[in-house]
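Trainee: Model the full assembly from the supplied sequences, consistent with the hints where possible.
Number of protein chains: 2
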Amino acid sequence: MLTSTSAHAGHATVAQWVQNIKGAALRELFPLVTRADVTSFAFGLPAAELLPLKDYAAASSRVLSLDPRALQYQLPPESLKIHIQGLLASRGVNCRPDQIFLTAGAQQATHSLVNLFLEQRGQVLVEEVAYEGLQTALTPLQPEILAVPSGMESGMDLDAVESQLVRGARPAFIYAITDGHNPLSLSLSQASRIRLVEMARRFRIPILEDDVFGFLSYDGPALPPMRALDEEWVFYIGSLSKTLAPALRIGWIVAPAAFSPALHFLKQSNDLDTTTLSQLTVSSYLDTGVFPSHLATLRREYGKRRDAMLNALKAHFPLEARWRKPTCGMFIWVELPPEIDTIDLLRMAVKTEQVAFMPGAIFAMSGNRGARNGIRLNFTHCPVEQIEPGVARLARVLKRFMRSGR
Amino acid sequence: MLTSTSAHAGHATVAQWVQNIKGAALRELFPLVTRADVTSFAFGLPAAELLPLKDYAAASSRVLSLDPRALQYQLPPESLKIHIQGLLASRGVNCRPDQIFLTAGAQQATHSLVNLFLEQRGQVLVEEVAYEGLQTALTPLQPEILAVPSGMESGMDLDAVESQLVRGARPAFIYAITDGHNPLSLSLSQASRIRLVEMARRFRIPILEDDVFGFLSYDGPALPPMRALDEEWVFYIGSLSKTLAPALRIGWIVAPAAFSPALHFLKQSNDLDTTTLSQLTVSSYLDTGVFPSHLATLRREYGKRRDAMLNALKAHFPLEARWRKPTCGMFIWVELPPEIDTIDLLRMAVKTEQVAFMPGAIFAMSGNRGARNGIRLNFTHCPVEQIEPGVARLARVLKRFMRSGR
Numbered sequence: 001m002l003t004s005t006s007a008h009a010g011h012a013t014v015a016q017w018v019q020n021i022k023g024a025a026l027r028e029l030f031p032l033v034t035r036a037d038v039t040s041f042a043f044g045l046p047a048a049e050l051l052p053l054k055d056y057a058a059a060s061s062r063v064l065s066l067d068p069r070a071l072q073y074q075l076p077p078e079s080l081k082i083h084i085q086g087l088l089a090s091r092g093v094n095c096r097p098d099q100i101f102l103t104a105g106a107q108q109a110t111h112s113l114v115n116l117f118l119e120q121r122g123q124v125l126v127e128e129v130a131y132e133g134l135q136t137a138l139t140p141l142q143p144e145i146l147a148v149p150s151g152m153e154s155g156m157d158l159d160a161v162e163s164q165l166v167r168g169a170r171p172a173f174i175y176a177i178t179d180g181h182n183p184l185s186l187s188l189s190q191a192s193r194i195r196l197v198e199m200a201r202r203f204r205i206p207i208l209e210d211d212v213f214g215f216l217s218y219d220g221p222a223l224p225p226m227r228a229l230d231e232e233w234v235f236y237i238g239s240l241s242k243t244l245a246p247a248l249r250i251g252w253i254v255a256p257a258a259f260s261p262a263l264h265f266l267k268q269s270n271d272l273d274t275t276t277l278s279q280l281t282v283s284s285y286l287d288t289g290v291f292p293s294h295l296a297t298l299r300r301e302y303g304k305r306r307d308a309m310l311n312a313l314k315a316h317f318p319l320e321a322r323w324r325k326p327t328c329g330m331f332i333w334v335e336l337p338p339e340i341d342t343i344d345l346l347r348m349a350v351k352t353e354q355v356a357f358m359p360g361a362i363f364a365m366s367g368n369r370g371a372r373n374g375i376r377l378n379f380t381h382c383p384v385e386q387i388e389p390g391v392a393r394l395a396r397v398l399k400r401f402m403r404s405g406r
Numbered sequence: 001m002l003t004s005t006s007a008h009a010g011h012a013t014v015a016q017w018v019q020n021i022k023g024a025a026l027r028e029l030f031p032l033v034t035r036a037d038v039t040s041f042a043f044g045l046p047a048a049e050l051l052p053l054k055d056y057a058a059a060s061s062r063v064l065s066l067d068p069r070a071l072q073y074q075l076p077p078e079s080l081k082i083h084i085q086g087l088l089a090s091r092g093v094n095c096r097p098d099q100i101f102l103t104a105g106a107q108q109a110t111h112s113l114v115n116l117f118l119e120q121r122g123q124v125l126v127e128e129v130a131y132e133g134l135q136t137a138l139t140p141l142q143p144e145i146l147a148v149p150s151g152m153e154s155g156m157d158l159d160a161v162e163s164q165l166v167r168g169a170r171p172a173f174i175y176a177i178t179d180g181h182n183p184l185s186l187s188l189s190q191a192s193r194i195r196l197v198e199m200a201r202r203f204r205i206p207i208l209e210d211d212v213f214g215f216l217s218y219d220g221p222a223l224p225p226m227r228a229l230d231e232e233w234v235f236y237i238g239s240l241s242k243t244l245a246p247a248l249r250i251g252w253i254v255a256p257a258a259f260s261p262a263l264h265f266l267k268q269s270n271d272l273d274t275t276t277l278s279q280l281t282v283s284s285y286l287d288t289g290v291f292p293s294h295l296a297t298l299r300r301e302y303g304k305r306r307d308a309m310l311n312a313l314k315a316h317f318p319l320e321a322r323w324r325k326p327t328c329g330m331f332i333w334v335e336l337p338p339e340i341d342t343i344d345l346l347r348m349a350v351k352t353e354q355v356a357f358m359p360g361a362i363f364a365m366s367g368n369r370g371a372r373n374g375i376r377l378n379f380t381h382c383p384v385e386q387i388e389p390g391v392a393r394l395a396r397v398l399k400r401f402m403r404s405g406r
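Protein chains in written order, with the working numbering: chain R, 1 to 406; chain B, 1 to 406.
The hints are simulated quantities; they were obtained by calculation from the structure and are not laboratory data. Remember, predicted model here, so these are calculated numbers, not experimental data. Some clues are possibly wrong.
Copies of the same chain look alike in the list, so a pair counts if it works inside one copy or between any two.
Derived SDA-like pairs (lysine to any residue); straight-line CA-CA distance at most 25 Å [unchecked claim]:
1. LYS304 / GLN72
2. LYS304 / ARG69
3. LYS304 / ALA57
4. LYS399 / GLY289
5. LYS54 / SER79
6. LYS399 / GLN354
7. LYS351 / PRO292
8. LYS399 / ASN20
9. LYS54 / PRO68
10. LYS54 / ARG69
Mentor: Okay, here's the thing in C-alpha cells:
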C-alpha cells in the first residue's frame, strides 16, 4: 500500500485518505472466493443462466441499426426515466421523471449522494454492519461514523438512532437498506419505516434509502420503500443490476428536482454522464414489455434457491447458528457463536471443502469487530442443485472448526 | 442553486462545495448552443456520420451471442488492456498491461487521479485557461489553484511553472494537455515536453497528462506524449471517446503498477468498476483490425474540416482576430480584441446568424477573466460544406459586434 509519506522512495505522494484503504488482509480473500473449483456463496451475483442475453442482444441490434446517434454524446434518454417511473409506481413510489437522476449503477448513485451531502470529515449515521460499497464511497471523505447496532429481527436499532439525534448529533445523512438488507438480509417493518422517516423530518436529516433488492421479493410484494412515505427527506437509490444485468450499469436516484443541478454537476465531474448507449438499449428492452415476466421468473427461481438454502441450513448447520428467512434480496446472514472468526473459517472451508462465503468482517463499519462471527451466504448465483451439497460441506467445516476450538 | 444554508426552507443541507458550482449564467448558454436550427461549432463532438455503427453493432452481436457472461459482473478484460498497450506503442509509449487502468472515459480517469493525489483544499498547478472537465473534477475538493499563463505559440508557460516551484509551491499535481490542447488547440514542443518532465522529477510533482487528442493528428503523427519520457512521474490519461465513440465510455490511466490498488479502490468507490460489456465489445471490435483504417479516415476527414475552417477564418474574420493552425485535436482557438465579451457575442450570434461557439469564459480557471475574449471553434462535428458558411456568418456578427462598440 502506498502511503502519503511515500513508502517507495520515488513515488508521487498520494492523498492522506489512501492510507485508510482496507489493506491486503481482506483483498487476499478474493482469490479464495473466486477459485474455479469452489462452490461460492460469496458474491451478490445474479444467476448467469437467467440473464436475458437474447432479449438484450435484440434490443442492442435495434438501437444500433435504428438510432444514428447511438454512439454519440447525448443526454440521458427521457424514455428510460419514464420506464423507471413506471417500475417505481409498482413499488408504491410516485415520482416524476424530473425527480429521477440516472447513474452508472447504484454504487454511483450512492457515491453521488455521499458527495452531495457529506463534508470532508463530517458525520454520517450508519449501521455497525453495512454494505461494503457504502464504505468505499465514504472512505475518501474520511467521515466520523456514528454507528448504530442492528437487531437480527428488526434491523437498524431505531432507539439508538433517536438517542443519537436527541443528544444533538446532526449527521449529513442516515443510510438504510429497507428491503433485503445487505448483508443482514432483513427488511424493515412498516412501523420502522414510518418511524425512521418521522425522525428524518423532525431532525431534518436526509435518508439515503438503498432499494436495490426491493424488486426481488419472494413472499408476495415487498412493502413500499420509505420514498413512498416522504419525497423531501428520502433520497432513493435504485438499480437494474440485480434484476436485469450488472454489466449494463443502470442505476438511479430519486430526489427533489431542486437537487438536479448539483447531481448533474457531480455526474459531469465523475464521468461526463454519457453512458447513453446502455441506457438507450435498456430502454428499448423495456419497451418490449418482457421485463415483468422476467422479474416473475427471477422471483420464482431465486425463491426456490432461498428455500433450498434455508432447508439445507436447517438440516446441516449446528444448533448454535442463527438466521432468519429473508423475504427479499440475495442473501442469508448466519450468526455463528461469538468466538468464531469467520475469516479463519473461510480459509479452512475453501481449503478442505471447496466452498466459500463472505465473512462478516468485510461489512464491519470503521474497524468494528462485532460482525466477525457472521457469514453472508448468497443464494441466487449457484444452481439450485448445488446449494444443498455446498451448505452440507460448509456445515462439515464449521463443526470441525468449532470442535477444534478455533 | 441550493446552498449549504438551505435556500429553501425544507431542503436537506448540502455540502459546502456545492455553493462553488458555476451558476446559471453559464448553464443558460447550453440551450443556445444546442438549438436545432443553429450551426454549432460549440462542442467537442465527433462527426456523427463517421462513427463506426455497423462495425460496433457486429462486435456487439458477437459478444452477446458468444460470451454467456457478457451481462454478468466480471473483471475488466485483459484483452482490452493489451489492445490499448498496442495503441500506445504507436504513440511511442511503452507500458505493460498491469500499468493500464481502465476507466469510464477520460473524465473518470481525471477524476480518479485528482482524488488520488489531491487533499481537500490542497494545491494544484493548472493553466489559467483549462478544460472545463478538469474544473468539474476539482470543484468538490475546493483546491487552491496555482494558475500559470499559456502562450498562443508555446502553450503552458514553463517559466511560470518553474518560478512557482522554485519559490516552494508543491502542488498535488500539474495538469497538462500535451497535444491538441482543449481549448487552446496547441501542442507542446519537444523541448517543452522534456523540460516539464524534468521539473516534475526535480520537484517530485506528478504530471496528469491528458492525451485524448494525440491520435487525431493532421500533419503526420504527433510527437510522443510525456509518458514516453518518464514512467514514474507522468500519469497518462487516454480515451477512445474522440476516436471510436463517446457513448462507449472507454478511457484509461497509465500509472506505475504500485498505484493500482488505490485506483481500483477509487473505481469501486465511484461505480463498482463493471462497465465490462462495453469493454468486451470494444475489445472485440479492435480484434477485427479495422481501427487503424478508421483512424486514418478520421484524420483525413477532420483534416479537411480543419483546413476549411482555417481558410474561412482567413477569408472572413477581421484582422484583429488571432489564431494558430492546430496540428491535433478538434478545436481552433481564436483570440479576439480584449474588450470583446464573447458570451455577449454568442448571444448575438445565435440570435442573428444561427451560429454558435464556446465562449472562452467557460474555460477560465477559478474566476479568472483572461479568457473572456477567446472563442473555441470545433471543426470535427459539422459537415465540411457547412463550415465556410458558418464561419462567414460568425464573422458578420463579430464585425457588427465590434462596430457597435460592445
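Trainee: May I ask which of the numbered hints given earlier this structure violates, with the numbers listed in increasing order?
Mentor: Numbers 3, 4, 7, 8 - these are the hints that the structure violates, sorted from lowest upward.
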